[in-house]
Amino acid sequence: MPESISRETVAKVARLARLHLNDEEVDRMTSQLAGMLEHFRDVDALDLSNVEPLNQPIPLSNVMREDVEVPSLDRDEVLANAPAAQDGRFRVPPIIGFEE
Amino acid sequence: MVALRTAVDVARAVASGELSAAAVVEENLAAIDAREGEVHAFNVVTAERARERAAQIDADIKAGRNVGRLAGVTVALKDNMCTRGVETTCSSRILAGWKPPYDGTVVRRLADAGAVMVGKTNLDEFAMGSSTENSAFGPTRNPLDTSRVPGGSSGGSAAAVAAGFATVSFGSDTGGSIRQPAALCGLVGVKPTYGMVSRQGLIAFGSSLDQIGPFTSTVADAALLMEVIAGHDPLDSTSLPQPAPELMSVLSHGVEGMRIGRITDMPEGSSPDVLERLDAAFDVLRNAGATVVDVQMPSMSYGLTAYYLVAPAEASSNLARFDGVRYGLRVDAKDLNAMYGDTRAAGFGDEVKRRIMLGTYALSAGYYDAYYGKALKVRRLIADDFAKAYESCDVILTPTSPTVAFKFGDKTNNPLAMYLCDVFTIPTNLAGHAAMSVPFGTGEAGLPVGVQVLAPALGEAPMFRVAAELERAA
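Taken in sequence, the protein lines are chains H and Z. The first sequence runs contiguously to residue 99 in numbering that gives the first Met the number 0. The second sequence runs contiguously to residue 473 in numbering that gives the first Met the number 0.
Chain H on its own, in the form it takes in the complex (with noise of 0.2 Å):
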């Protein structure tokens, strides 16, 4: 079991999930997330060695469909969501190269 999370730790984590948090945040977050995980270590009671994992309570395969055309969502319905939208697409901020 890995040692008790860091404050970087906590300010990577929020970074991958696309989170900012203030300085606050993370501090409240690393002391809440220490708790959790330190709860966690109950079951290291528990001989896990042999166990396979359970992902997924009932056993599925692949489910395939005939290759039919069905109608889809209204495309007008759709985008009247979207904070912003143009000529029939999403509109997103610029993704790279964006200098100040």
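These are computed hints drawn from the structure, not numbers from a lab. Model, not experiment: these values are computed from the prediction. Some hints could be false.
What the hints assert, rightly or not - Below, simulated SDA-like cross-link-like pairs (lysine to any residue); rule was C-alpha separation at most 20 Å, straight line: (1) Z:LYS376 - H:LYS11; (2) Z:LYS406 - Z:PHE136; (3) H:LYS11 - Z:GLY67; (4) H:LYS11 - Z:LEU362; (5) Z:LYS333 - H:ASN54.
Position chain Z against the provided structure of chain H, taking the given hints into account.
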């Protein structure tokens, strides 16, 4: 309190012309006018739509057209179920104002059966919580005692039925979010077998755990609703390839010869009033001809621990879609990454952020095996415990919630105390099994106590037989 109507009675009376669908809607709207201000069950009340729909049903009946098994039955839907053109928010700022471009499968099946939606109900943001205190739009109050929580996360749906705002309602259950509020509001609440009810149009929290299910005032209503909403859906790849179970017909079968499991190593912490009702439930079933069998669930108490990694891990992945691009809130920023980060920071509440962080951490490189991988192994142990227990019994009885409805603020500063509300409900979701809560008398302060009936996957029929027996004796 207003007298609650049952779906069975409403559907029969409306279909036969004894009662108009319009009158049922007006009754609910009057109850909403009288008490919604203090209860806050709804994020939105769809009064005009409900009136139009009821008028259509009444016209269809006059014209002799088939109106379906739920004719005129009013329903309240948890606000994480997609309803075309009606705002669907998950009680989160990040989705405020979003109007889905489609109806979920359950929503469609209810409409096709003649049900009338009266509104969308409040929840803990993205269904993360056990008290409905955690909604971006303010808490829901328990109609039986407004100083207390209705439970959660489907607290608005439970409160709506308990207050007579709708005949029945629907919630989603990822770790107990139907059964616990049902218990705290004195209702029947069902978590179907995983895959029994389509998740299409249910905004995902923990995809391997989530199921939609009903809140009702009687077991027969729950059976009727399950027959309407269950059954295979090609639009949900985890939907089981089989028809809805027949449940109405088993309610009168009794429990003669059934084997009822009692967990001898049950997690501790239940209050004495709750345990007293559980003992009384075993007595009732024994007197009705069932045998009580001792079973062991050595891993049960670890279920909570495993769940609080598995569910956040799945949530962190599912909630990645709320990024300010296609729907909901956007906070403008200089580039795409900054827009994502600022939008999500402004749109999500504290509990959602906490779970996204925990889940992202548990899935990140270097920590996956130590946390998520281990949690999945614990999940296997719990499924194995159940498999062994069900070799000697047909269903298992536990409390639904360790206590009756608690007061506002009692657990909000301690996430782990809040999580403990679900210690008896979570193992079912981890195993993908069926379970339901049945009101069985009262405990502290005269508040309702729920007994939970657990059954293996596809064990809905025996589960409903036992629930019906408990209801007859309650």
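Now the hints, each set against the structure:
1. A hinted pair counts as satisfied when its Cα atoms are at most 20 Å apart, and LYS376 of chain Z with LYS11 of chain H does not qualify at roughly 27 Å.
2. Between LYS406 of chain Z and PHE136 of chain Z the alpha-carbon distance is near 19 Å, which keeps this suggested pair within the 20 Å criterion.
3. With a C-alpha separation of about 54 Å, the suggested pairing of LYS11 of chain H with GLY67 of chain Z is violated against the 20 Å cut-off.
4. For the hint pairing LYS11 of chain H with LEU362 of chain Z, the CA-to-CA distance comes to about 13 Å; that is within 20 Å, so the pair holds.
5. For the hint linking LYS333 of chain Z to ASN54 of chain H, the alpha-carbon distance of about 39 Å lies beyond 20 Å, and the restraint is violated.
Taken one by one, the earlier hints fail for this structure at numbers 1, 3 and 5, listed in ascending order.
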